[in-house]
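Residues per chain are reported as follows:
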Amino acid sequence: MTKPLEPLVMGGVTPRVDGIAKVTGRAPYACEQLVERPAYLHPVQSEAALGRITGFDAAEAATLKGVLAVLSPFDSPSLTPGTDPELEILQSPEVAFRGQLIGAVVAETPEIARQAAGLISVDYEVREHDTAFSADRDDLYKPDVVNPSFATDTLTGDPDRAFAAAERAVDAVYTTPMYHNNPMEPHATIAVWSGETLTLYDSTQGVHPLRRTIAELFGLAEDDVRVVAPFVGGGFGSKGKPHANTVLAVLAALRLPGRAVKFALTRQQMFSFVGYRTPTIQHVRLAADASGRLTSISNDVIEQTAKLKEFAEQTGLPARSMYAAENRRTTHRLAALDVAVPSWMRAPGECPGMFAPEVAMDELAEACRMDPVELRVRNEPDVDPESGLPFSSRNLVACLRDGAHRFGWYGRQPLPRSILHDGCWWGTGVASSVYPVNQSPGSAATVRFLGEGRYEVRIGAVDIGTGAWTVLGQIAADALGVGYGDVSVDIGDTNLPWASVAGGSSGTTNWGSAIVAAARAFRDEHGADPAPGSEVTATQQDNPNTGRYAMSAYGAQFAEVAVDVDTGEVRVTRLLGVFAAGRILNPKTARSQLIGGMTMGLSMALHEHSVLDNRFGFVVNHDFAEYHIASCADVASVEARWIDEEDPYVNPMGSKGIGEIGIVGTAAAIANAVYHATGVRVRDLPITADRFLE
Amino acid sequence: MIPFDYQRATDADTAVATVAPNPRATFLGGGTNLVDHLKLGIAEPELVVDVTHLPFDRVEPLDDGGLRIGAGVRNSDLAADPRVRVRYPVLAQALLSGASWQLRNLATTGGNLLQRTRCEYFQDVTTPCGKREPGQSCSAIGGYTRNHAILGASPRCVAVHPSDMAVALVALDAVVHVRTREGNHAVPVADLHRLPGEHPEWDTVLGHGDLITGVDVPSLPFAETSRYRKARDRASYAFALVSVAAALDVADGLVRDVRIALGGVAHKPWRARLAEQALIGRRAVAGEFRAAATAELADAQPLPDNGFKVPMARNMIVAVLSELAGEERRDETT
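Protein chains in written order, with the numbering used here: chain A, 1 to 694; chain B, 1 to 334.
Each pair of labels, with its calculated beta carbon distance range:
#1 B:L195 <-> A:D153: 51 to 59 Å
#2 B:P3 <-> A:I20: 34 to 42 Å
#3 A:T24 <-> B:R329: 53 to 61 Å
#4 B:W202 <-> A:S121: 25 to 33 Å
#5 B:P304 <-> A:G258: 49 to 57 Å
#6 A:K588 <-> B:Q7: 50 to 58 Å
#7 A:T24 <-> B:D63: 48 to 56 Å
#8 B:E44 <-> A:L140: 41 to 49 Å
#9 A:V680 <-> B:S236: 18 to 26 Å
#10 A:D684 <-> B:R8: 46 to 54 Å
#11 A:P28 <-> B:D57: 37 to 45 Å
#12 B:H208 <-> A:G679: 48 to 56 Å
Derived from the structure by calculation, the hints contain no laboratory data.
All C-beta atoms in this analysis are idealised placements derived from N, C-alpha and C, irrespective of residue type, glycine included.
Go ahead and model the full structure; you've got the sequences and the hints to work with.
Now the structure itself:
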């Protein structure tokens with residue numbers, strides 16, 4: 001059922017169908033949905049990092065004019081126990097991390113709610129917390145699997161022996177800090193409980209997955225819950241899994257039947273309870289012969305999770321299959337801490353897991369006196385090193401060569417610290433990118449003929465800024481064999497057919513496959529000349545090529561940096577990414593996704609760093625003045641290109657996911673460029689000015 | 001945040017008379033800092049007196065050739081003023097290196113001077129802070145100190161003053177005019193801000209209800225050769241790790257006069273008088289600049305996360321003075 005679709009509309013530069021509504025402010029985001037008499041929620045958060053709440057005095061708050069409800073661990077509707085400890089808030093007085101949601105005030109205005117929340121006095125029986133992440137802990141443990149269900153450790157051959165016998169080797173420890181996702185639109189919910197049914201306008205990456213979780217938590221039938229999310233201002237994974245903020249809004253709505261309860265997070269709250277990327281400590285060892293051919297790769301990863309709930313990022317994954325090597329090891333060990341629960345952040349696994357090995361490859365290139373591009377080419381595998389499967393398509397080498405050509409790589413002075421002008425050290429670096437073609441089952445779509453040549457496609461997909469509104473219409477047009485203007489698309493609502501989460505760069509694969517299935521079933525059933533009102537709903541077919549081919553997108557990223565001689569300030573003057581990601585369905589939205597990912601990678605390389613103060617147990621730089629994200633001035637030139645790649649195995653569209661690969665490898669390319677510029681090898685992100693000052 | 005009353009001041013004396021006797025009253029300028037504090041619970045006034053409609057919205061010439069800057073002049077207007085750009089480029093550059101266009105369009109001259117530290121612990125009411133709550137301990141000490149002071153700090157506070165504009169004004173020997181209940185005072189900007197000592201809660205020497213009405217920048221012909229340089233962790237929209245404001249007057253290859261002030265290093269804009277004194281009469285060359293910078297920074301006491309500020313400040317002083325000396329040489333030869 002992956003018969004390729006003929007691309008007539010797909011691949012064309014179709015402008016975003018939702019673009020004008022967004023730039024004119026007429027696209028309603030979650031908190032902007034028109035509801036009658038909204039009430040406003042302000043949360044109460046734990047100021048202890050571990051312990052038990054012994055008192056929750058809301059007497060003064062409750063008497064404030066305009067206060068409608070106060071919730072606390074001692075006074076809250078019940079949730080189904082045993083579902084998800086992260087989400088089961090206000091069910092017990094236990095505190096598992098600082099910033100945890102422990103109460104709420106709902107009031108007629110946001111100002112009153114905030115004031116009242118400030119009047120609440122909470123007493124704690126505080127226990128000594130432990131948030132110190134380190135490789136030296138004696139309580140590191142091995143999780144059963146890493147996200148979502150990969151083997152925790154892998155071993156092929158004898159990496160240690162190969163390392164000991166290596167003619168050239170790299171043995172180094174690399175670290176990435178904690179990051180917080182911080183989409184432009186903070187998490188936001190409007191919850192309305194009618195007494196029988198619950199309606200949620202939520203900033204989510206998946207209306208149906210959220211509905212399932214909420215229904216289970218609150219003991220409701222899924223049909224009694226409706227989730228609506230037509231427009232979402234980014235998620236980067238933090239809106240992929242439901243978090244406690246939505247639960248708190250629903251708890252409050254249960255207390256106020258008929259009232260629409262609004263809960264929009266402040267930026268500071270975004271650093272508390274909606275997920276983040278774990279810090280990682282990666283011990284990478286590469287072994288090679290004198291010609292640069294890898295004989296062994298290992299990455300031993302240490303990262304953190306929450307005692308409250310385990311999340312194990314799959315950071316070692318890329319080392320399992322990126323390059324050919326006979327001996328190979330990856331391991332993951334976790335420190336369970338009194339911290340908020342880590343979660344998905346753009347390219348979990350690949351993003352941190354391609355930083356360390358790709359810097360190590362640069363170090364190996366130097367050890368072998370080889371060009372870093374050629375080192376990667378030399379280690380290109382014939383089949384997937386981990387599974388032994390053939391690749392459905394793998395064009396990493398083409399990306400490296402094309403990128404090197406476009407970037408002007410080959411005139412590069414090989415010695416570091418050799419270009420000084422305009423008061424800066426200049427250098428260039430390269431790294432590879434990879435992201436798997438993920439697919440999950442179950443998405444369905446409805447195709448309906450409206451008459452007069454027009455079709456409607458309905459699916460509960462969510463556009464988190466990716467372009468899904470537009471691209472799904474392009475897919476539908478080709479699947480139905482009609483023009484783009486003949487198709488209207490409706491998404492973002494659980495009243496539409498079931499759709500998977502917008503995560504893992506899998507949205508277009510899953511939803512597009514469902515639309516293709518529905519369109520083909522529609523034509524089978526109703527032919528080319530259907531009666532108005534004809535309609536068919538179909539579910540995406542399983543891909544018969546799963547398990548027969550290894551499927552991933554690849555890329556090569558090139559960076560040029562200037563490091564100020566006086567101040568050590570690092571600026572990225574050029575970034576070029578060349579990607580091989582199957583058919584690019586819409587060059588306009590694809591480019592936006594790719595340069596967005598690369599910009600986020602630049603931000604990771606130079607700026608982003610959540611600073612956890614272990615004395616208090618929370619992230620102290622919890623706003624955009626202090627948690628730096630790259631500003632426009634930091635992004636001089638970011639260019640994304642792609643090569644034509646035909647892949648008939650991945651899905652009917654021939655497309656691979658592109659939402660995440662842009663952030664993979666960027667930080668390594670920049671770190672490698674910084675080394676080339678300065679001769680200083682930075683193995684710990686972010687790369688800040690102080691590394692270059694003595 | 002608590003409810004508060006809002007009044008729009010129509011004249012300065014009334015504004016002062018309204019705010020001075022009421023410890024829960026405060027002036028409102030552009031609001032770019034105060035409104036944050038209201039939301040974060042750092043400031044909880046009962047009364048906010050808006051002074052942006054007072055007649056202090058002009059930049060006017062002084063008899064000595066300097067400029068009088070009204071306290072209500074917006075940062076973006078001041079930076080764009082041709083007299084500022086030509087005579088005091090260091091001031092225009094400092095203004096434009098701060099914040100964002102949107103904030104500069106709102107922020108006032110007086111408010112910019114009185115903005116408070118962005119210390120992470122000051123800004124979070126759930127952590128102790130002696131600047132926010134007199135008598136409390138300093139949470140930054142023993143915590144995250146990348147952005148904190150290397151000069152003039154005390155065991156009670158290691159915060160830095162965040163303004164760029166104030167650093168330039170200190171280098172230019174600017175003077176603040178203050179209206180109080182007793183009358184008008186003049187305070188050099190260099191003396192306006194305090195070191196924390198035992199009382200970090202006092203940012204400045206002003207009393208409660210004292211209103212800045214304007215800033216005089218005296219004539220300083222050699223300030224036409226002046227520069228503001230700011231090092232920061234990202235290229236825009238970031239507070240200074242270290243900044244340098246400098247003006248240099250060179251005659252026959254020797255330093256005739258020099259002004260140097262540092263930002264990002266102390267609880268106040270740091271006038272580098274030791275470096276200045278060391279340079280007068282010396283040759284305007286990098287080696288002398290380096291020796292002077294080293295002398296200025298000899299007493300620096302970096303914290304665990306900010307030792308880099310010492311070489312950064314030293315390098316920047318040398319670089320800025322060298323650049324200014326180069327411009328002077330070009331001027332002499334043309």
